[in-house]
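If you read the protein sequences in the order shown, they are chains Z and S. Be aware that the first sequence starts at 0, since it is given in numbering that gives the first Met the number 0, and climbs by one per residue. Be aware that the second sequence starts at 0, since it is given in numbering that gives the first Met the number 0, and climbs by one per residue.
It is worth saying that the hints were derived from the structure and are not from the lab. A hint or two may mislead.
[What the hints assert, rightly or not] When the alpha-carbon atoms are kept at most 16 Å apart in a straight line, the in silico EDC-like pairs for lysine to aspartate or glutamate are as follows: (1) Z/Lys176 / Z/Glu27; (2) S/Lys215 / S/Glu58; (3) Z/Lys93 / S/Glu150; (4) Z/Lys93 / S/Asp45; (5) Z/Lys176 / Z/Glu30; (6) Z/Lys93 / Z/Glu143.
[As the list claims (entries may be wrong)] Each pair of labels, with its calculated beta carbon distance range: (7) Z/Cys232 / S/Phe89: 39 to 45 Å; (8) S/Leu17 / Z/Ser127: 26 to 32 Å; (9) Z/Arg124 / S/Leu77: 27 to 33 Å; (10) Z/Glu125 / S/Ala44: 39 to 45 Å; (11) S/Asn112 / Z/Gly51: 38 to 44 Å; (12) S/Leu77 / Z/Pro217: 31 to 37 Å.
[To be verified] Over 10 Å on every C-beta distance to chain Z, these chain S residues come out as not near it, computed from the model: (13) Val9; (14) Leu17; (15) Gly26; (16) Leu53; (17) Ser140; (18) Leu145; (19) Tyr152; (20) Gly153; (21) Ala154; (22) Arg158; (23) Leu169; (24) His247.
Just so you know, these numbers come straight off a predicted model, no measurement behind them. Cβ coordinates follow ideal geometry from the N, Cα and C atoms, glycine included.
Residue-level listing of the chains:
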Amino acid sequence: MALVGVRGVSKVFANGVQALANVSLDVEAGEFLSVLGPSGCGKSTLLRLIAGLIQPSSGTIDLAAGQAELGFVFQEPTLMPWATALANVALPLKLRGLARGERAARAAQVLANVGLKGFERTWPRELSGGMKMRVSIARALVTEPRLLLMDEPFAALDEITRHRLNADLLELWQRSKVTVVFVTHSVFESVFLSQRIAVMAARPGRVLSELSIATPYPRDASFRTSAEYAAYCRQASARLVEAMAA
Amino acid sequence: MSARIIGPVVLGVVMLGLWEAAVRAAGIPPYILPGPILVAETLVADWSTLAPSLLVTIEITIEALLAAVVVGGLLAVLFSLSRWIELSLFPYAIILQVTPIVAIAPLIIVWANDVELSLLICAWLVAFFPILSNTILGLRSVDPNLLSLFELYGAGRWRTLIDLRLPSALPYFLGGLRISGGLALIGAVVAEFVAGTGGAASGLAYRILESGYQLKIPRMFAALALISATGIVIFLLLTLLSHLLLRHWHESALAPEG
């Protein structure tokens, strides 16, 4: 059974802009799905609709996982500058009313899982862009969500950092078996990461086609230079070109 | 020692020296312009008269500033919680702010019927607006994504206020506090002038008035120097407070690179 069922969803904003038109999309439990599209195609809107942060104008969104089982990673790290890395990661637990000791222990554990052991007492401004994003991912994972929604999380990072975070994200995903919906405008990123790519077109935003990436995991750096990867990137690029022309 | 300290100190000493030299060379009588040495001597000699007045002025300034923090801060939080309250009350806060304090001080002194209370009200009126408007700005300048995050995790209005809006507003509040610190002193002194013209009160402004009437110009300068020194100390203390609270995270409190 699908973890998320988006059925015929349209979204018209108060200013009259139609962000999404009749979007249908299923997300299977445990899968890694990328949503690929040009900027302004409503990718982020789709993610916020799934998260329940905004409501659809028409259509329905079925969430087998409740809102309590969601994690959200924004385009920017979106950390609280006045709180340490540990306190930032522990925030969702604090808002859920967990005791101080337990939330510190769990937050420290998740920080270690994203490779930031020893950075518990560090302030956000002392962290690099990549490390801030790791803290942000740790915060999304600390509640052990069934569904992780990521909105172009690595778009602002340099390529070297992005590749490392891509690899680490895949490892986290395989270890935790969380379902991921990953919004991106990078063909290469979507091919490297996902099992399935939903390609979106803009004005109005809609899902134009889907593409499966059959390459088994674990995928390491050698996958990036393989002929298979190149072939998938060509396919995905062609779909994206179609979407831009549509 | 850095240029930040040496520069102003050297300039200050040179200016005081020039002042003293000019007064002596031109033979200006002390009742027109006393030299800095005479002012310093007067400060020491008249300390028993000036010190109680200094205490009165400092007391009113601090009380007014505290009242401004409490009322300005609470009003800002109230405004951020209810658009209706804000729209209804904010115009009146502006009216209070733009009305010259010297113009309404006599009325306040008559109505309050208690010198110290009326001074306090005047100083508070001048001081509370920067705290109010800055804190409102700060409470609104919250990262919208962080707001979404709080919503996603089911945080109520109260939690969001305590854990998100108030910390976000802190740098703005402290900026307003530094302005209000100086304004509270100015408000206290202006109100004392108005009250002092009527013969009441005993703050530093009253000493200045009194010295003027008695042509004790060096004492007038000594009182003036005390007011300036008080203002500088208030500013330094509030800057220190701001630095201590923000040093870990806010750009304004970070040491410049290199």
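Next on the checklist: Does the beta carbon distance between Z/Cys232 and S/Phe89 stay inside 39 to 45 Å, or does it fall outside?
Outcome noted: The hint (39 to 45 Å, Cβ to Cβ) is violated, given that Z/Cys232 and S/Phe89 are roughly 56 Å apart.
Item to check | Distal placement of S/Gly26 relative to chain Z, Cβ over 10 Å | outcome: 60 Å, holds
Item to check | Distance restraint evaluation - S/Leu17, Z/Ser127, Cβ atoms, bounds 26 to 32 Å | outcome: Violated, since S/Leu17 and Z/Ser127 (Cβ atoms, about 53 Å apart) do not stay within the stated range.
Checklist entry - Hey, does S/Leu169 actually stay past 10 Å from chain Z on C-beta? => result Since the minimum Cβ distance to chain Z is about 7 Å, S/Leu169 lies within 10 Å and the statement is violated.
Item to check | 10 Å cut-off, C-beta based - S/Tyr152 kept clear of every residue in chain Z | outcome: Its Cβ does come within 10 Å of chain Z, the nearest being 4 Å, so this is violated.
Item to check | Outcome for the supplied range 38 to 44 Å, where the beta carbon pair is S/Asn112 and Z/Gly51 | outcome: 59 Å, violated
Item to check | Minimum Cβ distance from S/Leu145 to chain Z greater than 10 Å, as the annotation requires | outcome: Non-interface label on S/Leu145 violated, nearest chain Z Cβ at 6 Å vs cutoff 10 Å.
Checklist entry - Is the nearest Cβ of chain Z still more than 10 Å from the Cβ of S/Ala154? => result 5 Å, violated
Item to check | Cβ separation of Z/Glu125 and S/Ala44, checked against the hinted range 39 to 45 Å | outcome: Since Z/Glu125 and S/Ala44 have Cβ atoms about 54 Å apart, the given range 39 to 45 Å is violated.
Item to check | Z/Lys176 paired with Z/Glu27 [C-alpha distance capped at 16 Å] | outcome: 12 Å, holds
Next on the checklist: According to the definition I'm using, a residue is off the interface if its beta carbon is farther than 10 Å from all beta carbons of the partner; does S/Leu53 meet that for chain Z?
Outcome noted: At roughly 37 Å from the nearest Cβ of chain Z, S/Leu53 sits farther out than 10 Å, so the non-interface label holds.
Checklist entry - When you look at the beta carbon of S/Val9, is every beta carbon of chain Z farther off than 10 Å? => result 35 Å, holds
Against the hints set out earlier in the document, violations occur for numbers 2, 4, 7, 8, 10, 11, 12, 18, 19, 20, 21, 22, 23, 24.
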